[in-house]
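Participant: Listed below are the residues making up each chain.
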Amino acid sequence: MSRVPYTSTTNACKLCTPLGAALVFKGIEGGVPFLHGSQGCATYMRRYIISHFREPMDIASSALGEKHAVYGGGPNLKKGLLNVMKKYSPALIGVASTCLTETIGDDVQMILHEFRKEFGDLELPEIVHCSTPSYMGTHMEGWHRAVRAIVDQMVTDKAPPAHSVNILPSLVSPADIRHLRELCATFGIAPVILPDISDTLDGTAKEDYEPIPEGGTPLAAIRGMSGARATIQFGRTLADRDSAGESLRRRFGVPCHTVGMPIGIRESDAFFAALEEAAGVPMPREVGLERGRLVDAMVDAHKYVFGKRVVVYGEEDLVVGLTAFLAEIGMKPVLVATGARNMGLEKHIADVCAGVAGELPEIHEGVDFHDIAERSATLAPDLMVGHSKGYRYAREWNVPLIRVGFPIHDRFGGQRMLHIGYRGALALLDHIVNAILEKKQEDSPVGYVYL
Amino acid sequence: MPDGDLLDERRSQVHRTGEGPLDMACNRESLAGAVSQRACVFCGSRVVLYPIADALHLVHGPIGCAVYTWDIRGALSSGPELHRLSFSTDLQEKDVIFGGEPKLTAALDELIDRHNPKAAFVYSTCIVGIIGDDLEAVCRKMTATKGIPVIPVMSEGFKGNKREGYVAACKAMFRLVGTASGNEAAPLEKEAVRAAVRPMTLNILGDFNLAGEIWIIREYFERMGLTVIANITGDGRVDDIRRCHTAALNVVQCSGATMDLAKMMKEEYGTPFLRVSYLGIEDMADSLYDVAEFFSKDDPDIMRRTQELVRGELAKLMPELARYRRDLQGKRVAMYVGGSFKAFSLVKAFRHLGMQVVLVGSQTGTKEDYEELAAITDPGTVIVDDSNPLELSKFIKEKDVDLFVGGVKERPIAYKLGVGFCDHNHERKEALEGFVGMLNFAREVHASAMSPVWRFVPRREKRPAHTAQAATAATGQEKKEDAA
Ligand code: SF4
Ligand code: SF4
Chain F
3 MSRVPYTSTT
13 NACKLCTPLG
23 AALVFKGIEG
33 GVPFLHGSQG
43 CATYMRRYII
53 SHFREPMDIA
63 SSALGEKHAV
73 YGGGPNLKKG
83 LLNVMKKYSP
93 ALIGVASTCL
103 TETIGDDVQM
113 ILHEFRKEFG
123 DLELPEIVHC
133 STPSYMGTHM
143 EGWHRAVRAI
153 VDQMVTDKAP
163 PAHSVNILPS
173 LVSPADIRHL
183 RELCATFGIA
193 PVILPDISDT
203 LDGTAKEDYE
213 PIPEGGTPLA
223 AIRGMSGARA
233 TIQFGRTLAD
243 RDSAGESLRR
253 RFGVPCHTVG
263 MPIGIRESDA
273 FFAALEEAAG
283 VPMPREVGLE
293 RGRLVDAMVD
303 AHKYVFGKRV
313 VVYGEEDLVV
323 GLTAFLAEIG
333 MKPVLVATGA
343 RNMGLEKHIA
353 DVCAGVAGEL
363 PEIHEGVDFH
373 DIAERSATLA
383 PDLMVGHSKG
393 YRYAREWNVP
403 LIRVGFPIHD
413 RFGGQRMLHI
423 GYRGALALLD
433 HIVNAILEKK
443 QEDSPVGYVY
453 L
Chain C
153 MPDGDLLDER
163 RSQVHRTGEG
173 PLDMACNRES
183 LAGAVSQRAC
193 VFCGSRVVLY
203 PIADALHLVH
213 GPIGCAVYTW
223 DIRGALSSGP
233 ELHRLSFSTD
243 LQEKDVIFGG
253 EPKLTAALDE
263 LIDRHNPKAA
273 FVYSTCIVGI
283 IGDDLEAVCR
293 KMTATKGIPV
303 IPVMSEGFKG
313 NKREGYVAAC
323 KAMFRLVGTA
333 SGNEAAPLEK
343 EAVRAAVRPM
353 TLNILGDFNL
363 AGEIWIIREY
373 FERMGLTVIA
383 NITGDGRVDD
393 IRRCHTAALN
403 VVQCSGATMD
413 LAKMMKEEYG
423 TPFLRVSYLG
433 IEDMADSLYD
443 VAEFFSKDDP
453 DIMRRTQELV
463 RGELAKLMPE
473 LARYRRDLQG
483 KRVAMYVGGS
493 FKAFSLVKAF
503 RHLGMQVVLV
513 GSQTGTKEDY
523 EELAAITDPG
533 TVIVDDSNPL
543 ELSKFIKEKD
553 VDLFVGGVKE
563 RPIAYKLGVG
573 FCDHNHERKE
583 ALEGFVGMLN
593 FAREVHASAM
603 SPVWRFVPRR
613 EKRPAHTAQA
623 ATAATGQEKK
633 EDAA
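Going down the list, the sequences are from chains F and C.
The C-terminal position of the first sequence is numbered 453 in my numbering, with every residue numbered one higher than the one before it.
The C-terminal position of the second sequence is numbered 636 in my numbering, with every residue numbered one higher than the one before it.
List of simulated lysine-lysine pairs, PhoX-like, C-alpha gap at most 20 Å: (1) F:Lys442 with F:Lys305; (2) C:Lys549 with F:Lys208; (3) C:Lys483 with C:Lys551; (4) F:Lys305 with F:Lys441; (5) C:Lys483 with C:Lys546; (6) F:Lys88 with C:Lys546; (7) C:Lys311 with F:Lys69; (8) F:Lys88 with F:Lys119; (9) F:Lys334 with F:Lys305; (10) F:Lys81 with F:Lys119; (11) C:Lys546 with F:Lys208; (12) C:Lys415 with C:Lys323; (13) F:Lys208 with C:Lys551; (14) C:Lys549 with C:Lys483; (15) F:Lys69 with F:Lys80.
To be clear, the hints were calculated from the coordinates, so they are not data collected in a lab.
Throw the hints in and build the complete structure from the sequences for me.
Facilitator: Structure follows, in C-alpha cells:
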C-alpha cells in the first residue's frame, strides 16, 4: 500500500469481538450468552443480531455501573449469573468480556473460580468464559476464541472413539448448517457441529416464548469431540493459528483438516475430500449429482458473468471463499477487502485464484468502507458482493449488491441463505446471474424478454 | 400471585393499575443478568445528537459502539447527510495502554479536513472514561485549530442509563446555543438576547425527523403563521442551533430527550417552553392549540387559523379511521417504549381505534410518568419499568394481547408468541406523527392485527376461543359483507 492509512475509521467493515462470542454461545444447547460489561454493549448486540436473524436473541449482561467500573465488576458478574440461572435454567452460560471489563482488568477466571466455590451447593451450569476485548480483533476473532474456549474448557477427557466428525463451520447461515448435517448423513456420519445456530437462530413458530430456544450443539456431544474420527474446520486463515481444531488434535490426537470455506467448486471439493477421508466412504451419488448440476449451470451462465468486475468484502474467510467461486465462474474480482488484520489474505486469495484468475485482485486488510470506496474509485466495478453495509456504495455506483454474510438487514431471509457445498454455490450462482440480468434488463432501452 | 415468577428484585418495578398505591422504583440501574432492553448513556446521547446533519459525529472508543449506532434511525435530512456516516477512532490495544488522545486528535484532524463540518461532536464511550483521555482538552485544541466548535459529549456508557445520555447531549448542544445572533455571526451579550427575540418564532425540540415527521409538524406551524428557527435535532443544522435562542418559544416533545436543553435555555435566556406531543389526535390538536394560545397575544387571529387547520385535517382523517376502528374494536394492546411520554399519547390513540391498552412499559420512565400512566389506564393494566423478554412474554400471554408495540428488540418476542407487532421506536420508517401519521399508524395497526397469519401460529391455532376471532381477522371483508 502506498498511501498512509487513515487514523480514523469511517463506516467500519467489521463488528466487535464479543458479538462473535455471543453468537457462538447461542449455538450451544441450553446456552445463554453473558457479556461482562456495561448494559449498552449487550443491548446493542442483541438489536444488531435480531435485525439479521429476526429471532429472539437474549444476551445477559452484568450491567456494570460507575462504581463497579471503579471497584471491579466481580460482584455484579456473580449476581448476574445467579439471576440468569434463576430465570433461564441454562445448561451453559458463556461469559465474554467486553472492552470495559478488559480495561479495568477484571480477572474473570478468578471471579468464576470464586463463584463456583461460593455456590458449589447449587446445581451450577457449565460456565465457559473467553476474553474478548474489541480493541484486539473483530467479531470473527471473538467467534473463534469462543469456539476455542468451549473446546478447551469442556473437552477435557478423551472420549471413547465414535463414528462422528467434528465440524467447526465458522460463521455460516443456519441454512448452511442444516445442509451440512444432511450432507454428513449422506456420508453416513454423525457430525458434531460447533456451534449449531441452525435452530436457535432460525426457529419455528412456537406455542410459547422459549427463554432458551430448542437446538444447539448438545453438551454431551461437545464432551465427546475428543473421540471423533476427525475435525474439519472451515477457514483458510485458521491454518496457521492455534485453533480449536488444532487444540483437539494436539491434546487428543483427533486429525484436523483445515479447509477453506466450502464456497464454489474447488473449495467444496476439498471439503468433500476431507469428509470422504473422515467417513471412510467415497462421495455419495447424490452429492456427485449436485456437483454435476453446478457445473452444468456454470456452463449455462458463463457468458453472462465472464469478465464482470466485482468488489468483495466482509469476513476474512468468507471473502476468500467468495473470491474463489467468483474467479471460478469467470468473474473478475478486482478488490477483496476485510476489516480484520493480519489474516494473510494475499496468500489465501492467490491460492484460491490459481489456475482460474488471470490477474489477482487488489487485496486489503484492516480497511473500512471509506478505504474500500476510495480504492474502488478507479476499478469501475460491475457488482459488489458482501453484507448489507455496502449498500450506500452500491447505490452510489449504481451497481447491484449481492448480499452475502452478516449482517443482512435490508433484505429478507439472510438467515436462510445457502452458500456452502455445491448446492450453496448453485444458489449463489443463480442469485448473481439474476442480479446481472435484472440490471441489464433495467438499463436496456429495448427491454428484451429473452435474455 | 401472578407476578410470582418475577425476579424478586424486579417486583418493585411492576405495578397493576387499581391494585394498591403505585410505588414504582425507577431510574435504577438495570439488574445484572436480567437481559434488560435498555441501552447505555452513550446511546442516549447518540440518538439525540445524531440527526444534526451537518455536524461530524465521532465516536471515541472501540469499534462496536460506533458500528451499532451507524445510521440506525430513519432521521432524514433535507440537505447534508454527514450524520448517516459512522466515524470512530476504533481504539486498539496500544491506545488503551498509552492513551487515546493522539489518535483522537489525528482522527479529528483528518475528518474535519475531509468533510468540512459545521461542528464536531466527540462522544466518549466506557473505555475512554476508564483510560481517562482528556476530551475537553483535545476538543479545545481542535476548536482553535479548525475554527469550528468541537464539542465533547460526556457519554461514558456505564455512568447510568439513556437518560443521563440525554442530559449529556443537551449540555453539549447548549454550548452551541447563543453563539450566533439572528443571522449574523457575532455572539450577543446575554442581556441583548431577549431584545433580539423574534416574534412568531419557535424551535422544535425533541423531534428527530424519523421518516420525515418534523416536516409534517413544521408545515402545521407554518400554516399557523409561525416561523421555525431550529429543528432540534431532526433535520438539524448547527447554525440553527447557534441562533435558536432568538426564538420566542421552545416546543418540547418527548420529555426525556431534550427537556434539559429547554430548561437550560429558560434559565439562561428566559425562553419559555411548552411540552407537546404529535402522536394521536387529541395530543396533536392540543399541542397546536397550546402553541396558538401562546402566540395569540402577538397575533389574535392565530387561534382561528389553527382551528381551521385542525378541522380540515380531522375531516379527512375521521372517516378513514372509522373504517379501521370497525375491525379493531375490542382488541388488546401491549406497549413497551423507550421514553414513557410517548406512551401517554399512544394510550389515547388506541382508544380512538377502539382498542384497549393492557400493558404499558418503558425503559426510562420516572415515578411521575408512571403515576400519570396509572391514572389514564384501565384497572388491571400492567405498568412496568425496565423490563426484559421473559417478563414481557409472560405479560403478553397473561393479558392475551392482540398487538404489541415496541422496538426491534421486542419484535421477536411478539412474533414468537403469535402476536401482531408495530414498531413505534426510533427505527420506524413510516411517519406516525401528526394527523396523517395517525392514519398511517391506524393502517399499520390494522395490517398487523388483522393479518390471517395469526390463525396459523401454534398458540392461536390450538385455542378454540380464538378461532372465531382469527377467522374474522382472516377476512376483513366478512364483516363488511355482513354490514352491507
Ligand atoms: S465497548 Fe467494546 S464490546 Fe462494547 S460495544 Fe463497544 S466495542 Fe463492543
Ligand atoms: S461500551 Fe459503553 S458506551 Fe459503548 S456500547 Fe457499551 S455501554 Fe455503551
